[in-house]
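Can you make the complete structure from the sequences, with help from the hints?
In order, the protein sequences belong to chains P, X and U. For what it's worth, this note's numbering labels the leading residue of the first sequence as 1, then goes sequentially. For what it's worth, this note's numbering labels the leading residue of the second sequence as 1, then goes sequentially. For what it's worth, this note's numbering labels the leading residue of the third sequence as 1, then goes sequentially.
Derived from the structure by calculation, the hints contain no laboratory data. Treat the hints with caution; some may be incorrect.
Derived pair list, reagent style EDC-like, types lysine to aspartate or glutamate, alpha-carbon separation capped at 16 Å [what the hints assert, rightly or not]:
(1) U/262 <-> U/299
(2) P/39 <-> U/153
(3) U/317 <-> U/337
(4) U/157 <-> P/35
(5) X/80 <-> U/42
(6) U/262 <-> U/229
(7) X/135 <-> P/2
(8) U/165 <-> U/153
(9) X/140 <-> X/81
(10) U/262 <-> U/321
(11) P/66 <-> P/35
(12) U/317 <-> U/229
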Amino acid sequence: MESIIQSFVTFLGVYAAAGIVFALPFSFWGAPRIDPAAKGSPLGFRLLLLPAATALWPLLLIKWIKALQT
Amino acid sequence: MTPSLRRRHRLIWVVSAFLLPILFIAALWVIPEPAIDGDFNPPTARPYSEPIGQASTEAFSGVLRRDGNLPGWQLEVQLKEHLAAASIQLYLAENGQRRRLLGHLQAPGSYFFHFFPEAAPSTDVLELQLYDGIKRQALKELRLPIQGD
Amino acid sequence: MSTQYTAVIWNREKKRYDRYLAGLIGLFLLAFCGLTLALQPEITAETLIIRATGTTALLLLHLTLMIGPLCRIDPAFLPLLYNRRHLGVTTFFFGLIHGVFNLIQFHSLGNVNPLVSLFTANVHYGSLSNFPFQVLGFGALVILFLMAATSHDFWLKNLGPKAWKTLHMFVYLAYGLLVMHVLLGVAQAEHSPVAIGFLGMGVVTVISLHLAAAFFGQRGQFTAAAGEDFVEVCGLADIEDKRAKVCLIGKENIAIFKYDGKLAAVSNICKHQHGPLGEGKIVDGCITCPWHGYQYLPENGCSPPPFTEKVSTYELKLVGDRIFVNPRPHPEGTRVEPVEIPRKHE
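See the structure below:
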């Protein structure tokens, strides 16, 4: 039991760390890519994107890649 | 709201209307452990007049008292050291088994609890246990002999 | 509406809303802390903070959940809905403070990672009476975090209204988790009848309101038989000026507006968060969604420039004083000439 929980918490930590690394570039370059309305938006808005970008990074990474291909 | 969204809401709440009350009542049913006086003990209580038992350890001490004019017994517990536990519950115990919850202790200091002799599992000795309600483990124990009449 | 994003849109109404919210929270905290200190002067500051923030979060979640059904039962509550997301985000922040203080006080004393300790301090997962209630609170906090984090319109648009709404409907799961978290936490520790009584009242209120809204809150809506070109819906006198009649024909949810001596029909579903356009009013010549104020022109279902939202439009006809609608939608943003109401009917 303990080892399962230990690995779950470790996974959570790695996932969140990857999310944090992803979130900054996403909010500055990714967001305007997938949604043109986000171009030139103020700093406050970009900072507000960070929490969700951290949490949902795999999904957003896919969206970003798709937007780059088109 | 779209009609399908509305249907989903309706389904969720019909299910919740059954499930939540059932869980609510079931939980109360299986936790039959009312605290005696619990958190509502007047903290400024004055000690009753007649000590009928006392004991002490490094961690905590207890004095059991009664008062001819007042019903029941009064237990004064003095927590002497800071225990590395967040939720310290004080129980009346019997052979290491928790029987009745008396109430909660927090920072070191003096606490008063009032209860009736019927609540004590034994008439010879009052067995007290400090219990960590979060980690669910016994922290300290104290046996307090009761002097009979 | 979407031209360019800003961090938080604050207008006069929203500022007023937030001031009332802050005032309410302040008063509640004062009362709660005052009462707790009077009854338990020996309480430590940490415990007081944990209890006060947890109780505030629970109260705010109850309010948040009551607003939706209240609005369906009586539109007079709609102003509460207008800025509900600030209420939701505030709920999360109080829950977060509660959670962080708990982790520090209860789970950071040992040498185990506090999060691991949260899950392993009590492992009676198979028991209801000893169930680790902390884990339930953690689950609810994760859901509230995801909702607060995605509450900006950017996420609504880019996750898609369907996925967004599904994610946000997890609030009901969070509510169930929180009720059990509080119930088990309180009952396992002290069985306080006051706390359990208040919680029970909250649960009964929230469930009854949602059931009432689901089964009786269908005011102004009815279903007509499908399959015909034009379906008779109502009389002219049934619609107030600058207001709408909502009808559900097959799968089409249609709002028929009466304004300036004309009739026009658009989809009842706002592009923003699927709010009920037909429960809104015509303001400055535009249909205005009662939820967040998104606007559409009645004759073509388009948001006034520079905005770009569009909803479907429908054909109407007037026979005598009876209104008929064709439930086949025109593509979003298609202009349909409004039906003029003859003078004798005005």
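These are the hints, each one checked on the structure:
1. U/262 <-> U/299: Roughly 10 Å between the alpha carbons, so the hint for residue 262 of chain U and residue 299 of chain U holds.
2. P/39 <-> U/153: Distance of about 15 Å is within 16 Å: holds.
3. U/317 <-> U/337: Holds - the C-alpha atoms of residue 337 of chain U and residue 317 of chain U are around 11 Å apart, at most 16 Å.
4. U/157 <-> P/35: Between residue 157 of chain U and residue 35 of chain P the Cα gap is close to 9 Å, so the pair holds against 16 Å.
5. X/80 <-> U/42: holds (15 Å)
6. U/262 <-> U/229: violated (21 Å)
7. X/135 <-> P/2: With Cα atoms ~14 Å apart, residue 135 of chain X and residue 2 of chain P stay inside 16 Å; holds.
8. U/165 <-> U/153: Between residue 165 of chain U and residue 153 of chain U the Cα gap is close to 12 Å, so the pair holds against 16 Å.
9. X/140 <-> X/81: Measuring from Cα to Cα gives roughly 11 Å; hence the hint holds.
10. U/262 <-> U/321: Given pair residue 262 of chain U, residue 321 of chain U holds - Cα atoms ~13 Å apart, limit 16 Å.
11. P/66 <-> P/35: Holds. Residue 66 of chain P to residue 35 of chain P sits at ~12 Å (cutoff 16 Å).
12. U/317 <-> U/229: holds (11 Å)
Comparing the model with each earlier hint shows a violation of hint 6 alone; every other hint is respected.
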